[in-house]
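Visitor: Residue-level listing of the chains:
There are 2 protein chains.
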Amino acid sequence: MTQRPAVLIMQRHLAPLSGFLESAYDVYRFWEGPPIEAAHDIRIMVVAGEAALDKALIERLPNLDLIACFTSGYDGIDIGWCRERDLPVTHAPGVNHEDVADHALGLILAARRQIASGDRQVRSGGWTAETRTITASLGGQKLGIIGLGHIGKAVADRAEAFRMAVSWWGPRPHDAEWPRADSLLALAKASDILVVACKADETNRGLISREILEALGPDGLLVNVSRGQVVDEDALIAALKSGSLGQAAIDVFIEEPTDPNRWADVPNVVLTPHTAGATTAGVQGMLMLLMQNLQAHFAGEPLKTPVV
Amino acid sequence: MTQRPAVLIMQRHLAPLSGFLESAYDVYRFWEGPPIEAAHDIRIMVVAGEAALDKALIERLPNLDLIACFTSGYDGIDIGWCRERDLPVTHAPGVNHEDVADHALGLILAARRQIASGDRQVRSGGWTAETRTITASLGGQKLGIIGLGHIGKAVADRAEAFRMAVSWWGPRPHDAEWPRADSLLALAKASDILVVACKADETNRGLISREILEALGPDGLLVNVSRGQVVDEDALIAALKSGSLGQAAIDVFIEEPTDPNRWADVPNVVLTPHTAGATTAGVQGMLMLLMQNLQAHFAGEPLKTPVV
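If you're matching them up, the sequences are chains D and Y in order. For the first sequence, numbering that gives the first Met the number 0 assigns the number 0 to the initial residue and increments by one for each residue that follows. For the second sequence, numbering that gives the first Met the number 0 assigns the number 0 to the initial residue and increments by one for each residue that follows.
Note that these hints are calculated values from the structure, not bench results. Model, not experiment: these values are computed from the prediction. Please note that a few of the clues may not be correct.
No copy labels: a pair is met if it fits in one copy or bridges any two.
[To be verified] The list that follows gives simulated cross-link-like pairs (lysine to any residue, SDA-like), each with its CA atoms no further than 25 Å apart: (1) Lys198 to Pro172; (2) Lys54 to Ala280; (3) Lys141 to Ala160; (4) Lys240 to Arg119; (5) Lys141 to Ala175; (6) Lys141 to Ser166; (7) Lys54 to Glu129; (8) Lys198 to Arg131; (9) Lys141 to Asp156; (10) Lys152 to Asp200; (11) Lys198 to Gly138; (12) Lys141 to Ala164; (13) Lys152 to Arg162; (14) Lys303 to Val26.
With the hints as constraints, model all of the structure from the sequences given.
Guide: So this is what it looks like as structure tokens:
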């Protein structure tokens, strides 16, 4: 037995955290097998916010006293349930919103200026003396942003440098320089490009429905850098196949990793593997907040970035 | 015989111009066979600026009195040779520099944030629970721009919205807010990302040499939205293969269309089929200038946008 507190990392893609955590903690990795023998030692559960919280496991860890969410978003975590158990939750806000906004603009450019498909065309020999690809200029396109938080504002700032006209919608008013649409549907109707940048929770699951996608229309582009669950993914695929939606460029999916067969015959779509916020600087910032929250917890000090 | 002036379109990818030109002119298409029977009728040659001017053909067209270059760049046209023959040349400046700059940023994002390769990874099933792609944040990267003309300045404006630090080099000083490096080599050494945005001519053929690419280095990214000839393409390919250059993202090539086999085993490169300036708005602007130059020419008025 050791005197060091024990930490359980839940998701395999968080494995690189082990090396840092092991400097101060005993580390268990859930995917290496349930930590039955250490159930009484585990004090901290480290999770990715997009993954559903394993409540049954938590109920078998009698000394667990903190859920440390590595990411900014914590849509997989039932905060009310944790609150009932006096189980605090920390997360990593305000660290990578600039990087996510960069990626959103990269997705817009990759789709609208046909950079991803152009790269495929050149590599496949599809560029010939007879072909000439003409794309739509970004200048003057109307950009609608769903959710004017840190990410949404950073997207708006960048969009203006590309001569796009910005408006937005979200459930709460903001003191912002860009006009707020009367409704999500009105925003979709008025926009050439719609960027989903809101926080995901149970209130907005499937918010981007077939109706919204059809309002965006056959020349429209949907970009999602929020969470897969905010978009009705089956409706999105159907709309792209029928042409009732023009294009999509998405970094997040209902199930991650997404099944490539799901996208094999879907036209006009750019897909990235949930990398919008995963930058060296962003990950370092998230790691620093994680370590600071753990240190504060064991020192009996206020948590650095609690959710509740 | 007709009384309408005859126009010869030289490059096959300019074929869509035929419909517009036929409203006022008799149109010949060079790729349908040399216009031997019309040699005395042809008054105008419409060319793409990147293609080498067919001087031998021009000498067989006794009544040719204007070279109308559809594009902004006219690097394929020997202006001195035309001047000796009192043969005016028009082009289409200032029409699509914003679109070219948009595309340059799209290439930077596609390469640095791995959007093109991420799209391939998702489609091929390479995204698994074990993989996690971490990319470098654009924030704080040092962007060097070669050529601070319309395109270069538009790239600089956008780069600032992405929190990049901009400097530049060009043979002539400019009154600009961004610092000018002492030399191209100094710019390459100081930069994380180098964007080639200069006008191409005989003075800068092969300007981006092996030495410049190695100064940019194993973490560096080269972006070319100028002309293929400004970069030593063999040296570029060798540098990417050896790792002495980190990444490249290029829209222009020594030979266009480029041979895909040339790039099949070249790592860390994004390729687009010369689409940076080819937007609907840009092409309309170029078409309008072309028609205005032809009208002015036949009305005996000053040319709208002459090169010389």
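Visitor: Indicate, hint by hint, whether the structure satisfies it.
Guide: Here is what the structure says about each hint:
In this assembly of identical chains, the alpha carbons of Lys198 and Pro172 lie at most 25 Å apart only when taken from the same copy (15 Å versus 47 Å across copies). For the homomeric pair Lys54 and Ala280, neither the shortest alpha-carbon distance inside one copy (32 Å) nor that between copies (55 Å) is at most 25 Å. For the identical chains of this complex, Lys141 and Ala160 are neighbours both inside a copy (13 Å) and across copies (18 Å), given an alpha-carbon limit of 25 Å. For the identical chains of this complex, Lys240 and Arg119 are neighbours both inside a copy (20 Å) and across copies (20 Å), given an alpha-carbon limit of 25 Å.
Taking identical chains as interchangeable, the C-alpha atoms of Lys141 and Ala175 lie at most 25 Å apart only when both belong to the same chain, with a minimum of 17 Å there against 30 Å between chains. For the homomeric pair Lys141 and Ser166, the shortest alpha-carbon distance inside one copy (8 Å) is at most 25 Å, but the shortest distance between copies (31 Å) is not. Taking the shortest alpha-carbon separations for Lys54 and Glu129, only the inter-copy value of 23 Å comes in at or below 25 Å, while the best intra-copy value is 60 Å. With identical chains, the CA atoms of Lys198 and Arg131 are at most 25 Å apart between copies only, with a shortest distance of 22 Å across copies and 40 Å within one.
In this homomeric assembly, Lys141 and Asp156 come within 25 Å of each other (Cα to Cα) both inside a single copy, at 14 Å, and across copies, at 20 Å. For a Cα distance limit of 25 Å, the shortest separation of Lys152 from Asp200 inside one copy, 20 Å, qualifies, whereas the shortest one across copies, 42 Å, does not. Taking the closest pair of Cα atoms, Lys198 and Gly138 come within 25 Å of each other only across two copies (23 Å); inside a single copy the shortest separation is 28 Å, beyond that limit. Within a single copy, Lys141 and Ala164 get their C-alpha atoms as close as 5 Å, which meets the 25 Å cut-off; across copies the closest is 28 Å, which misses it.
Taking the closest pair of Cα atoms, Lys152 and Arg162 come within 25 Å of each other both inside a single copy (16 Å) and across two copies (15 Å). When the C-alpha separation of Lys303 and Val26 is checked against a cutoff of 25 Å, the pair qualifies only within one copy, where the shortest distance is 21 Å, while the shortest distance between copies is 73 Å.
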